[in-house]
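Protein chains in written order, with UniProt numbering: chain A, 1 to 273; chain B, 1 to 273; chain C, 1 to 273.
Note that these hints are calculated values from the structure, not bench results. Possibly wrong hints are sitting among the right ones.
[To be verified] Straight-line Cα separation of at most 20 Å, EDC-like style, residue types lysine to aspartate or glutamate; simulated pairs:
| id | chain 1 | residue 1 | chain 2 | residue 2 |
| --- | --- | --- | --- | --- |
| 1 | C | Lys-12 | A | Asp-137 |
| 2 | C | Lys-12 | C | Asp-260 |
| 3 | C | Lys-262 | C | Glu-49 |
| 4 | A | Lys-12 | B | Asp-139 |
| 5 | C | Lys-12 | A | Asp-260 |
| 6 | A | Lys-12 | B | Asp-137 |
| 7 | B | Lys-12 | C | Glu-147 |
| 8 | B | Lys-12 | C | Asp-260 |
| 9 | B | Lys-269 | B | Asp-150 |
| 10 | A | Lys-12 | A | Asp-260 |
| 11 | B | Lys-157 | B | Glu-219 |
| 12 | C | Lys-269 | C | Glu-102 |
| 13 | C | Lys-79 | C | Asp-68 |
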Amino acid sequence: MFGEMLENVRTKAPLVHNITNYVTVNDCANIVLACGGSPIMSDDASEVEEITAICGGLNINIGTLNEDTRRAMFAAGKKSNQCGHPVVLDPVAAGASRIRTETALRLLQKVRFAIIRGNVSEIKTLALGRGTTNGVDADIADTVTEENLDHAVAFLKAFAAKAGCVVAATGAIDIAADADRAYVIRNGHPMMSRVTGTGCMLSAMTAAYAAANPETPLEAAAAAIAAMGLCGERARNRLSARDGNATYRNYIIDEVYNLDGKTLEGGAKYEVR
Amino acid sequence: MFGEMLENVRTKAPLVHNITNYVTVNDCANIVLACGGSPIMSDDASEVEEITAICGGLNINIGTLNEDTRRAMFAAGKKSNQCGHPVVLDPVAAGASRIRTETALRLLQKVRFAIIRGNVSEIKTLALGRGTTNGVDADIADTVTEENLDHAVAFLKAFAAKAGCVVAATGAIDIAADADRAYVIRNGHPMMSRVTGTGCMLSAMTAAYAAANPETPLEAAAAAIAAMGLCGERARNRLSARDGNATYRNYIIDEVYNLDGKTLEGGAKYEVR
Amino acid sequence: MFGEMLENVRTKAPLVHNITNYVTVNDCANIVLACGGSPIMSDDASEVEEITAICGGLNINIGTLNEDTRRAMFAAGKKSNQCGHPVVLDPVAAGASRIRTETALRLLQKVRFAIIRGNVSEIKTLALGRGTTNGVDADIADTVTEENLDHAVAFLKAFAAKAGCVVAATGAIDIAADADRAYVIRNGHPMMSRVTGTGCMLSAMTAAYAAANPETPLEAAAAAIAAMGLCGERARNRLSARDGNATYRNYIIDEVYNLDGKTLEGGAKYEVR
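Bound-form chain A, shown alone:
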């Protein structure tokens, strides 16, 4: 199943429109290329509707939002909805400022998302309408553990039902859920948190997976998450003693470039709840 999701990206090579932050935008473009998609970045309100119309999916990331890009997010989101394209939301640091929380909540009202992907603190902020974060990282109090996993799964399913889309909270344990089912995924490596933008990259790749698999957004999201985690593991194994987070970033993207469906099927560690 996950392997098929991946191979569909390589076969269909979807164009993915990204409205994203300027911190990790280059890595987002390269990971979309690595997984088999074709990225286009544009955040100017005067053109985003035309740009998104020629694409197969849209990724909205609020990492460095400002007044101009906010306008572009709403315009592109609505247009993408009209076109029937899957739209992914990455609510970076929602909860860390009023404007981030408000923008994310208003996007949920105005745009129909296929998938929301964030860390657990960001997702809680969207679900509860308020929240706290530790900057761009999840609040430690929110961490999903084996102990609170049942509760977290139920929470995500309930929010997915309310939001009417797939919701994914990623961290040490990843969960992707719709109203009825949740994939609990245990790939990845802690060192991924020392590379800026692994979450942003995952969201961009998720948009490519969703664009290539529009009928199965839950499986598309789960497959992208497992692929990213597996590539994080495999890249970690390539590191020598003197390599650090810069080489790790490159190797993660390299692994995504080389990953095939069979390897993903063999390496994905997940259960459905």
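Use these hints to put chains B and C onto chain A, whose structure you have.
For chains B and C alone, coordinates are given in the frame of chain A:
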């Protein structure tokens, strides 16, 4: 000839002003440094005239244009013309939105360019005043092949005559032409299209070559194109089985850093038509 | 001493707010992660006060300033002062345009900085209220050498006394000074100047060191400078014949990731004057 172009960059170390997109800007800066130039990025209308005046060349790339950076492009372009500096245009995704097409066409009216470099769909959009693109990649119907090469060369020469500058269309086969002569260049590797910004990087490097060789813009453009393609080949040869597009990006820039005139002369594959 | 500064960053993991340029922002984020901090980038005036309030330090870099980000710099700087957080200024290319010089000088009036770090031309521009630069690089006439070192140290101490903060001018020889003492640091490698953003990265890392060592800004700045230089040396030693400035960039960040206090103590080459 190409070797001399390259060595002039290393000897003169020109300052190159870049108004470019935020997706690939870091790679553009590093490739200008790699080839021997010194990059400065600035896109604020309040300062671009001062900045461009202290440089030796200007690179205008419309990859993520917005209202503010458009103003800066016109202001810097005119000032650079007054200073007698070569100006390069990279019309990224012209044809993909009204504002991109219009901005590129208006730049052609208001600024005197030394070199225009894009993929063939972008160049056709400028020449015809309208066009279609596949996002940031060339439309497959526009691809230059051995079969339509004569036609493509004639088309570029005609547009170069009309535009009054060097025009370069890069892809599997690269062509750089002025009204009378065309360099047909067959360096490069298909995997370069899986790295974001190889076109942007080439335009930035072309501006460095043009700044160091202001009397011979056609040879400067052709040399930069051959150098980029040759470095793409050499970097490809360094890749191991687990390397992907991230490592490839780094190796391409590394090869540019280490390329000398003699190696470029030996490796450049071109003919003049 | 330097080792203790470094270990405090790893232990305290300070959140560092960066208002910085879009050219080198990704490298700045990754080097803050590499040294043990946690970066958050935000330059929208509507949220920077909230963002900076949850951080432990602020880094203001004027590399690609515009009207919007200028407003954010003043708002964040004042708020960070109210919070008692150390604020670092990187006056990139001050002297190269009126708006850069004016912005840097006004920031000095309105915001209380803990540390100013730039190349010697930028620092002279701030000290004298005017200046010349060679783009983003120091003017060759300003270079600190063994011959003019006494004069440079005295100049920096005087400016530090006037500005009421630590002032660091980095180049072939680095100097970090307050009114009374100056650290003269001789780490680093000339090839670092062929990587875009080594100065920006150092400023971001300096903010992390200052946030983790708020009582000793001079030692924090000197330790960060020595660490960056030492990592530049160590990364240079890892390069093979075909590596260039792209791989060098990655290795520098990798070395920062792996550097420990003991290695820094052993490798730092400095004297106090």
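Holds or violated: B/Lys-269 to B/Asp-150, with C-alpha atoms at most 20 Å apart: 18 Å, holds
Tell me if the straight-line CA distance from B/Lys-12 to C/Glu-147 falls inside 20 Å. Roughly 27 Å between the alpha carbons, so the hint for B/Lys-12 and C/Glu-147 is violated.
Is the Cα-Cα distance between B/Lys-157 and B/Glu-219 20 Å or less? Satisfied, since the Cα-Cα distance of roughly 15 Å is no more than 20 Å.
Does the structure keep C/Lys-12 and C/Asp-260 at a Cα separation of 20 Å or less? 15 Å, holds
Has the given pair, C/Lys-79 with C/Asp-68, been kept, meaning a C-alpha gap of at most 20 Å? Within the cut-off at roughly 17 Å; holds.
With a cut-off of 20 Å on the C-alpha distance, tell me whether C/Lys-262 and C/Glu-49 pass. Between C/Lys-262 and C/Glu-49 the Cα gap is close to 37 Å, so the pair fails against 20 Å, i.e. violated.
Between A/Lys-12 and B/Asp-137, does the CA-CA distance stay at or below 20 Å? 15 Å, holds
Taken at face value, is the distance from the CA of C/Asp-260 to the CA of B/Lys-12 at most 20 Å? 40 Å, violated
Straight-line Cα separation of A/Lys-12 and B/Asp-139 no greater than 20 Å? Roughly 16 Å separates the two Cα atoms, so the pair holds.
Pair hint outcome, C/Lys-12 versus A/Asp-137 [Cα-Cα no greater than 20 Å]: 15 Å, holds
Given the hinted pair C/Lys-12 and A/Asp-260, is their alpha-carbon gap at most 20 Å? 40 Å, violated
So if I understand the rule, the pair passes when the alpha-carbon distance is 20 Å or less; does A/Lys-12 with A/Asp-260 pass? Between A/Lys-12 and A/Asp-260 the Cα gap is close to 15 Å, so the pair holds against 20 Å.
Checked against the numbered hints above, the structure breaks hints 3, 5, 7, 8, 12 and satisfies the rest.
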